[in-house]
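K.L.:
From first to last, the protein sequence lines stand for chains A and B.
Take the first sequence: its letter number 88 is residue 78 in the working numbering, and every next letter is one higher.
Take the position in the second sequence, starting the count at 1, then add 585; the result is the number in the working numbering.
Treat the hints with caution; some may be incorrect.
What the hints assert, rightly or not - Just the calculated beta-carbon pair ranges, DEER-fashion:
1) 190/A x 760/B: 49 to 55 Å
2) 925/B x 199/A: 53 to 59 Å
3) 611/B x 256/A: 41 to 47 Å
4) 823/B x 241/A: 58 to 64 Å
5) 199/A x 598/B: 34 to 40 Å
6) 615/B x 238/A: 23 to 29 Å
7) 256/A x 726/B: 43 to 49 Å
8) 763/B x 238/A: 33 to 39 Å
9) 140/A x 763/B: 31 to 37 Å
10) 911/B x 87/A: 51 to 57 Å
11) 611/B x 204/A: 44 to 50 Å
12) 203/A x 911/B: 34 to 40 Å
As the list claims (entries may be wrong) - Anything over 12 Å on all C-beta distances counts as not near chain A; from chain B, calculated:
13) 646
14) 671
15) 736
16) 781
17) 784
18) 861
19) 895
20) 910
21) 919
22) 921
What the hints assert, rightly or not - Which residues of chain A face chain B? A few of them, derived with a C-beta cut under 7 Å, are:
23) 66
24) 85
25) 212
Hint data in this document are derived by calculation from the structure and do not stem from the laboratory.
Keep in mind it's a predicted model, so treat the numbers as computed, not measured.
Just so it is clear, CB atoms sit at the ideal spot from N, CA and C, and this is done for glycine as well.
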Amino acid sequence: MKQSGRYFFAVIFIALQLCLVGSEGMAQERPRTASTPAIPKKIISLAPSVTEILFALGLGDRLVGVTTFCNYPPEAQRIAKIGDFINPNVEAIIAKKPDLVIGVSGATDPDKARQMERLGLKVTLVPVPTLQKILSSIRLIADLGGKEAAGERLVSSLQAQINRVHKAVGRAPRRSVLMVVGLQPLIAVGKKNFIDELITLAGGENITGGVAQPWLNLPTEYVVAKAPQVIIEAGMGTEQEESGKRWADLKSIPAVKERRIYSYRSDKILRPGPRFGEALEEIARLIHPECFAEANRNLKNGNGCEGPRP
Amino acid sequence: MKVLDRRKMIQVSGGLLALLLLSVVGCVLLGPVPLDLSRAFENLSSANSDAEILFRARLPRVLLGVAIGGGMASCGVVLQALLRNPLACPQVLGVSGGASLGGILGLIFLPGWMASVWGGFLGEISWVPLAAFIGALLSMLLIYRLSLFHRRIHPYQLLLSGVIFNAFVAAIIMFLNSIVDFYQAQGLLFWLMGNLSTRAYLTVGFIWLYVLLGFAWLWSQGVSLNLITLGEEAAMQLGVEIGSTQRRIFVATSLMIGAMVSVSGMIGFVGLMVPHAMRLIVGSDHRLLLPASFLAGGIFLAWADTLARILLAPAELPVGIITAFFGGPFFLFLLYREGRKRIAL
């Protein structure tokens, strides 16, 4: 009994020390603009979105490790795996001797990031909660990798995509949108989520607006009460067959009555990476198909979608 | 053996049934979104959002909650009697966990074509309850076997085996959770937490069917259960075939738990709390205790789910959180009382 008590205190003591050590080298967001002295040759990505950003910047060939979730671009699947998005394996990362490890703040375990820093690795966690933050993270990663010009090009092409979509749907009346990622239970996109921004940019209005959570579990009655005009199912689960039955009885929902229930089963929209522009355009086409139909182009003011006239 | 007091039976069951009906009405009327009742009943044929909230979104969910609450409570009653252990209930014994694991394995590994073939026959629920049923039955047999020494069940052995088995199953579920697709993973977690949601009437009907069949079977064992609570030897002397009664009850409860868990995940503590409360109120004649617990379990879960819908509106909580919030302290209280009784002896 006495001995086990001593062990207990020893463990507590060591744990406290670890806490102190840990708080010294915080690996939090370091928005560094000055170019780093040495350009990293071996990079490890701890998130699918980071992997996509690196490839989009032309840094894919420097990746020596990615997560098991990194499936895009296809080349990423051939790179060695260092664990999954939630649980990267620190030993596997160290074994690769990377010059730079990039994760996502809020998703990458900060304890593991600190652990890696203590072991002498350079770790950067990029923030991605909003579209602006995603763009600045792209710039940051480009700077770290010595690809400033490519970073600027990527950011401006994404901004051009946003502008193009805005031009197409900017004048159209906003449609109320429910975007779900799970049907059983019903998990919807909340306000504190970059996907909410994408919905707004695509000419929609998220029906969960005002609820400051990234995701929320909604009761069916809330959806009926909010009467969305468009429902987008963005989940990637095995629930396809359920989808039709799920809504069929609820004919008072305009989206059900007008058959505006779409399945958008692509991980593009769920990843805060360089493909959000594509995702934006695709969901804008779902929310406002009339603004993109080629046949409607010729109609004058036929659909109220035209952007500001020159 | 005392003759069943018919008047008491009718009074208790009738009273609880009336309370249940009132609760269903109350729970259907309460919710996170406001409702215009006159509009809801005005024109039922056309698409009317108030009517849909009432009859399509809330009513099936409340009915599902009643079936599951009632089913869990009746399983708790018979397991407590059969194992002569006041702490027995589907979750504590690990049977819910086994059912969850079976259901998840079915969900992940049964090939897709089976889903469509069987799905055509049985609607939304299909072979998942079957897999959950097998999981429930196997885990119940395992736990039973592990606590059987010299033909006697040892209550604390049973309890601990169940708790550990549950933790083990939770670990396997978390493991499966980390190997399946990222997006499938989210759907798996709800099995662990216990969650009611709006289901098609067809599904709700099937769950009621499973639960009522199982319940009728259990109810028919009422007299045997009364005798078993006297002790296995006494029951045998009075002509109860313990072995076959046990088998029948294991199959019936596994069937019910499998079906319930396959749509709601592991909703805990209903099967523990309600039977005890009812025993205090109506006594321990199982012919009366079983229907009373069924009705009270339905009432309890319907209200717990209403709380789950309202508390954080518009987001909802898993109902398992609410039941555990009430049930956890209750369980500890029971455990303490039992311990004190044993030590005082």
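K.L.:
Now tell me, hint by hint, if it's right for this structure.
P.N.:
Results of checking the hints against the structure:
1. Separation of residue 190/A from residue 760/B is about 39 Å and departs from the stated range, judged on CB atoms against 49 to 55 Å.
2. Take residue 925/B and residue 199/A: their Cβ atoms lie about 54 Å apart, and the range 53 to 59 Å holds.
3. The hinted window of 41 to 47 Å between residue 611/B and residue 256/A holds, with their beta carbons roughly 43 Å apart.
4. The hint said 58 to 64 Å for the Cβ distance between residue 823/B and residue 241/A, and at roughly 59 Å that hint holds.
5. With their beta carbons about 48 Å apart, residue 199/A and residue 598/B fall outside the hinted range of 34 to 40 Å.
6. In this structure the supplied range 23 to 29 Å holds for residue 615/B paired with residue 238/A, their Cβ-Cβ distance being about 26 Å.
7. Restraint check, residue 256/A to residue 726/B: a C-beta distance of roughly 45 Å satisfies the suggested window 43 to 49 Å.
8. Restraint check, residue 763/B to residue 238/A: a C-beta distance of roughly 34 Å satisfies the suggested window 33 to 39 Å.
9. At about 35 Å, the beta-carbon gap between residue 140/A and residue 763/B stays in the expected band of 31 to 37 Å.
10. Between residue 911/B and residue 87/A the C-beta distance comes to about 54 Å, which sits within the given range of 51 to 57 Å.
11. At about 33 Å, the CB distance of residue 611/B to residue 204/A disagrees with the hint of 44 to 50 Å.
12. Separation of residue 203/A from residue 911/B is about 25 Å and departs from the stated range, judged on CB atoms against 34 to 40 Å.
13. Distance check for residue 646/B against chain A: the nearest CB is about 8 Å away, which does not clear 12 Å, and the non-interface claim fails.
14. Once the 12 Å rule is applied to beta carbons, residue 671/B is consistent with being away from chain A; the minimum gap is 32 Å.
15. Against the 12 Å criterion, residue 736/B stays outside the reach of chain A, whose nearest CB is about 38 Å from its own CB.
16. At the 12 Å boundary, the C-beta of residue 781/B falls inside the reach of chain A, the nearest C-beta of that chain being 9 Å off.
17. Not every CB of chain A is more than 12 Å from the CB of residue 784/B (nearest about 9 Å), against its label as outside the interface.
18. Here residue 861/B stays apart from chain A, with its beta-carbon at least about 30 Å from theirs, past the 12 Å limit.
19. Remark: the non-interface label on residue 895/B conflicts with the geometry, its nearest Cβ contact in chain A lying 9 Å away (cut-off 12 Å).
20. Consistency note on residue 910/B: stated as away from chain A, and its beta-carbon is indeed over 12 Å from all of that chain's, at 17 Å minimum.
21. With a least beta-carbon separation of about 29 Å from chain A, residue 919/B lies farther than 12 Å from that chain, consistent with its non-interface assignment.
22. No Cβ of chain A approaches the Cβ of residue 921/B within 12 Å, the least distance being about 24 Å, so the stated non-interface status holds.
23. Because the closest C-beta pair between residue 66/A and chain B is about 15 Å apart, greater than 7 Å, the hint is violated.
24. Below 7 Å, beta-carbon pairs count as interface contacts, and residue 85/A has none with chain B, the closest being about 21 Å; its hint is therefore violated.
25. For residue 212/A, the suggested interface contact is upheld, since its CB lies about 5 Å from the closest CB of chain B, less than 7 Å.
Hint check: violations occur at hints 1, 5, 11, 12, 13, 16, 17, 19, 23 and 24; the rest are consistent with the structure.
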